[in-house]
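Q: Going down the list, the sequences are from chains A and B.
Following the working numbering, the numbering of the first sequence begins with 1 at its first residue and continues without gaps.
Following the working numbering, the numbering of the second sequence begins with 1 at its first residue and continues without gaps.
Honestly, the hints are just simulated from the structure, not real lab data.
Treat each hint with caution, since some may be false.
Here are a few chain A residues that sit away from chain B, every Cβ distance over 10 Å (derived from the structure) [what the hints assert, rightly or not]: (1) T3; (2) L45; (3) G153.
To give a feel for the contact side, a few chain A residues facing chain B, derived at Cβ under 8 Å [to be verified]: (4) A12; (5) L13; (6) R17; (7) A263; (8) Q264; (9) G265.
Note that the Cβ used here is the ideal one computed from N, Cα and C, for glycine as well.
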Amino acid sequence: MSTTATPLASVALIARRVRAYFAPVNRAAGLPTLFDPAQLGRFVLDTPPAPWIDLGWVSTFTRKCATKVDPLRAGAPAATVGQVRSEIEATVSLEFEVWGRLQATLASGSQQTNLLTTAAGAAPNGSGGVAAAPVPLLTGTGSASTATSLNVGTTAAAGFAVGSLVAVDVDYTGQLGYIGTGVSTAYVQSASAVGSDINYVRRVTLNVGVVIAISAGALQLSGPLPAGVPATGMRVSQLAGFCDREGASFFQEWSALFVLAGAQGDRILYHYPRLQAMQGSSEATEILAAPLERVRLAAAFRALPVKDANDGESVLCFRSYLPAALRNP
Amino acid sequence: MQNAKDTFYTTLQARLAAINPSRTLVLRGLVRPAMLVDENELPTAWIPMDAFRLQWTKLHVTSASPLPLVEMECTIQYATDGSSGNGGMDRGRLLAAMDAELASALAAEPHTVAKLNYAAAGAGVAPIATGTNVFWADPVFGAASAVGERLERTATVQVFANQEAGEL
Chain A
1 MSTTATPLAS VALIARRVRA YFAPVNRAAG LPTLFDPAQL GRFVLDTPPA PWIDLGWVST
61 FTRKCATKVD PLRAGAPAAT VGQVRSEIEA TVSLEFEVWG RLQATLASGS QQTNLLTTAA
121 GAAPNGSGGV AAAPVPLLTG TGSASTATSL NVGTTAAAGF AVGSLVAVDV DYTGQLGYIG
181 TGVSTAYVQS ASAVGSDINY VRRVTLNVGV VIAISAGALQ LSGPLPAGVP ATGMRVSQLA
241 GFCDREGASF FQEWSALFVL AGAQGDRILY HYPRLQAMQG SSEATEILAA PLERVRLAAA
301 FRALPVKDAN DGESVLCFRS YLPAALRNP
Chain B
1 MQNAKDTFYT TLQARLAAIN PSRTLVLRGL VRPAMLVDEN ELPTAWIPMD AFRLQWTKLH
61 VTSASPLPLV EMECTIQYAT DGSSGNGGMD RGRLLAAMDA ELASALAAEP HTVAKLNYAA
121 AGAGVAPIAT GTNVFWADPV FGAASAVGER LERTATVQVF ANQEAGEL
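Throw the hints in and build the complete structure from the sequences for me.
A: As structure tokens, this is what we get:
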């Protein structure tokens with residue numbers, strides 16, 4: 001038995017909008033997260049493969065190539081006998097459709113801090129004053145903490161409420177270099193620079209969640225913590241929100257994946273293994289009906305190169321096209 | 001084009017029926033989801049209440065492609081008199097419910113569906129899948145208008161499909 005099918009002609013891709021995904025870059029090792037479109041390119045948009053995290057839809061997605069191609073001339077009179085790429089450069093700009101911890105961090109262009117609940121009498125400070133004492137995760141008493149459930153004990157749990165935002169990470173004990181569990185979110189040059197603040201890692205961590213229920217001393221979170229099951233020694237701080245600072249020195253870097261899902265089942269994937277913010281925090285406003293305005297996080301990034309393992313080429317972006325089923329290539 | 005029209009209709013009908021299974025109407029003796037295509041029914045001046053009526057209006061074909069892109073405008077009219085038990089005073093609520101149902105059905109992912117050929121479909125005979133999809137834009141809701149005690153609204157949706165060789 002044999003089957004034969006007649007392929008259709010290819011057509012231009014038609015898509016509604018762009019979906020963005022985040023994965024961390026191991027800053028200490030200089031290793032981005034690589035996305036393999038040959039293996040994973042057809043993933044369901046709502047459930048990206050680990051460790052990719054959904055950033056939601058983005059608008060005004062614009063890619064710019066600033067790679068310079070110069071002529072090589074020879075002879076008299078000179079004629080172009082070849083070409084050379086004298087510089088490779090690529091940038092991406094976009095607006096996030098949602099304000100989330102991760103989106104705000106990426107768009108801010110620098111490190112973003114959690115506004116930890118302050119200790120009583122803390123002196124005012126622009127990124128939040130001295131934080132209240134963190135709450136330890138209990139071990140050996142009650143159920144073990146998980147990525148979605150934090151066992152703080154009944155006494156400490158009384159200090160939280162449904163809707164509380166929490167940051168979960170290790171104490172700062174003098175670590176130098178990149179810090180933040182799961183994602184490097186800041187660079188500490190010296191303990192004195194951060195005042196040896198025991199809460200400093202929790203102040204910058206992306207390992208945050210929101211409490212949706214409190215039961216038997218456990219805080220139930222709305223979703224898994226980005227860094228997964230809390231490690232031994234992690235503690236919990238409450239926070240009021242997030243803050244970024246114009247003029248801060250840190251450069252966020254992330255691995256990015258942008259997907260254009262075509263109406264015919266075709267798909268374009270733009271994979272930037274290394275993106276760094278190229279502007280400070282800014283917003284884009286859209287007038288809905290005066291005086292109401294919608295405010296989106298505006299972001300712009302510059303791509304940094306990686307080596308393609310197949311041939312050693314230095315690459316800023318991988319653009320992959322997955323045709324619809326049964327189309328002439 | 002007819003395949004695209006049929007496919008969009010059946011898709012929207014199924015989605016609306018899933019959102020509110022109790023919204024039904026009796027048409028030619030059959031209880032069915034409260035949605036119909038005017039051009040597929042007997043000509044009549046009767047306007048069904050609390051039901052969605054589809055009409056295919058504008059058509060635009062872009063032929064600069066091996067598979068011409070067809071853009072069709074689908075207008076969806078719906079109206080309610082409110083319920084007699086409430087003296088019609090709930091007509092605003094009932095229209096809002098229909099607004100929400102239609103918006104939800106059209107906003108649900110995916111915004112594409114495989115185009116089916118219903119020409120030979122019937123009892124026990126499934127429609128035949130073609131090679132392309134039907135897809136649509138976001139709906140545009142017109143202003144609600146009052147005609148006596150009746151509230152009605154028209155929404156329009158741009159529906160797209162690629163015309164395949166030999167396809168009606």
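Q: Next step is simple, just say for each hint if it's right about the structure.
A: These are the hints, each one checked on the structure:
1. T3: 15 Å, holds
2. L45: 8 Å, violated
3. G153: 41 Å, holds
4. A12: A12/A check passes; min Cβ-Cβ to chain B is 7 Å, inside 8 Å.
5. L13: Violated - the Cβ of L13/A stays beyond 8 Å from chain B, reaching only about 12 Å at its closest.
6. R17: 10 Å, violated
7. A263: Holds, because the Cβ-Cβ distance from A263/A to chain B comes to roughly 4 Å (cut-off 8 Å).
8. Q264: Because about 5 Å separates Q264/A from the closest Cβ in chain B, which is inside the 8 Å limit, the hint holds.
9. G265: 7 Å, holds
Comparing the model with each numbered hint stated earlier shows that hints 2, 5, 6 do not hold.
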